[in-house]
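Chemist: Here's the letter readout for the chains.
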Amino acid sequence: GESVGLHLPTLSVQEGDNSIINCAYSNSASDYFIWYKQESGKGPQFIIDIRSNMDKRQGQRVTVLLNKTVKHLSLQIAATQPGDSAVYFCAESHGNQFYFGTGTSLTVIP
Amino acid sequence: GAGVSQTPSNKVTEKGKYVELRCDPISGHTALYWYRQSLGQGPEFLIYFQGTGAADDSGLPNDRFFAVRPEGSVSTLKIQRTERGDSAVYLCASSLTPGLVGDTQYFGPGTRLTVL
Numbered sequence: 187g188e189s190v191g192l193h194l195p196t197l198s199v200q201e202g203d204n205s206i207i208n209c210a211y212s213n214s215a216s217d218y219f220i221w222y223k224q225e226s227g228k229g230p231q232f233i234i235d236i237r238s239n240m241d242k243r244q245g246q247r248v249t250v251l252l253n254k255t256v257k258h259l260s261l262q263i264a265a266t267q268p269g270d271s272a273v274y275f276c277a278e279s280h281g282n283q284f285y286f287g288t289g290t291s292l293t294v295i296p
Numbered sequence: 003g004a005g006v007s008q009t010p011s012n013k014v015t016e017k018g019k020y021v022e023l024r025c026d027p028i029s030g031h032t033a034l035y036w037y038r039q040s041l042g043q044g045p046e047f048l049i050y051f052q053g054t055g056a057a058d059d060s061g062l063p064n065d066r067f068f069a070v071r072p073e074g075s076v077s078t079l080k081i082q083r084t085e086r087g088d089s090a091v092y093l094c095a096s097s098l099t100p101g102l103v104g105d106t107q108y109f110g111p112g113t114r115l116t117v118l
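Top to bottom, those sequences are chains A and B. All letters in the first sequence, in the order written, are residues 187 to 296 by this note's numbering. All letters in the second sequence, in the order written, are residues 3 to 118 by this note's numbering.
If you're looking for bench data, these hints aren't it; they were derived computationally from the structure. Only true hints are included.
Result set (DSS-like, lysine-lysine): computed pairs, CA atoms no more than 27 Å apart in a straight line: (1) A:LYS257 with A:LYS242; (2) B:LYS19 with B:LYS80; (3) B:LYS17 with B:LYS80; (4) B:LYS19 with A:LYS228; (5) A:LYS254 with A:LYS242; (6) A:LYS228 with B:LYS13; (7) B:LYS80 with B:LYS13; (8) B:LYS17 with A:LYS228; (9) A:LYS228 with B:LYS80.
Extracted from the complex, chain B is given alone in its bound form (with noise of 0.2 Å):
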């Protein structure tokens, strides 16, 4: 696709709940990146994936948190017994040569979680 896509555009839902986040990256690159958004803060990385295998999972603030990307492309971050705490932007970025100099993260527009 043109970008990285994400949905939904916003979730709400209620303490305790699952649900799960979808983005879609640019096509070609090989690299998929999630993030977490607070209101007014920069975007605090949780988890790269390196093709299909999740390269670094050590922003993931705790084991509620996971992501799967199944077959390279696609990925989903799913968020177990969620905690009004959660609430933020879940952002996503794609690169396509990761690990080199000036590779440049692409980012989605994001999917604006809200737990009640």
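This is chain A alone, in the form it adopts within the complex (with noise of 0.2 Å):
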């Protein structure tokens, strides 16, 4: 089976500092990945996805870093914001199944 693990359960950040989240994958015939954001009580939310073909890709205020050598994925935040305070999951597809990782839980410190 699948397996997507995340490095650090807790992140605890300063507001305006930058976050990094990782997440290790181990099926190297995944080609996409996807990154969400879950907030208490709510479903998870889309925040930005990455085709095994890049290693990087950029949206507002975020950043996602593919490396196939090492299956790493992470997710970076710019000028972390209290309202980032949420569990990030990522998720990498082969096929038509997706496989989530346990989840990091983002805490902004304001």
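Combine both chains into one complex, guided by the hints.
Modeler: Here's what the structure looks like:
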């Protein structure tokens, strides 16, 4: 089966600092990766995605980096804000199935 | 609709009872997915529909779980003889172009099921 894991279960950052959330995946055949943000009591919300033929993709205040050599994915959030506090999941996909890691809880300290 | 909706938002039932959870996907999305999320864990795949048919039900834990999507839109997840271990948040997601790289799943708010 698939195995997607996150390196740090919790992360605390000061407001205004940059955040980096890491993720390891195990299936070298995975060709699509997504980061989701999940706030308490809500469903996962799409943040940014990247295909396996890319190594970097930028969105608004977020950047995803993909290193296929070591099967590692990271999410960088610039100028972290209190509203960024949530659990962040990475998901890998091959075919129709998505496999999620256990999540990293990000807390932004005002 | 604007997003994926799920009803009820919360469901409390007694061990041994039957429950139905409903998902209304984004209009036009052909694919619909059910996941189960336990506390502190990521979503765990249960079943995937392409149109009306279940294309992959390999994630259903046992035959007490069943899902339907009779008209290719709304889906119902059915759980028979509920057990305390079934307590979790059940998430539904839909997507537009399943099987294509880059097809993104959009999630509903989930139904929190509690089995007493």
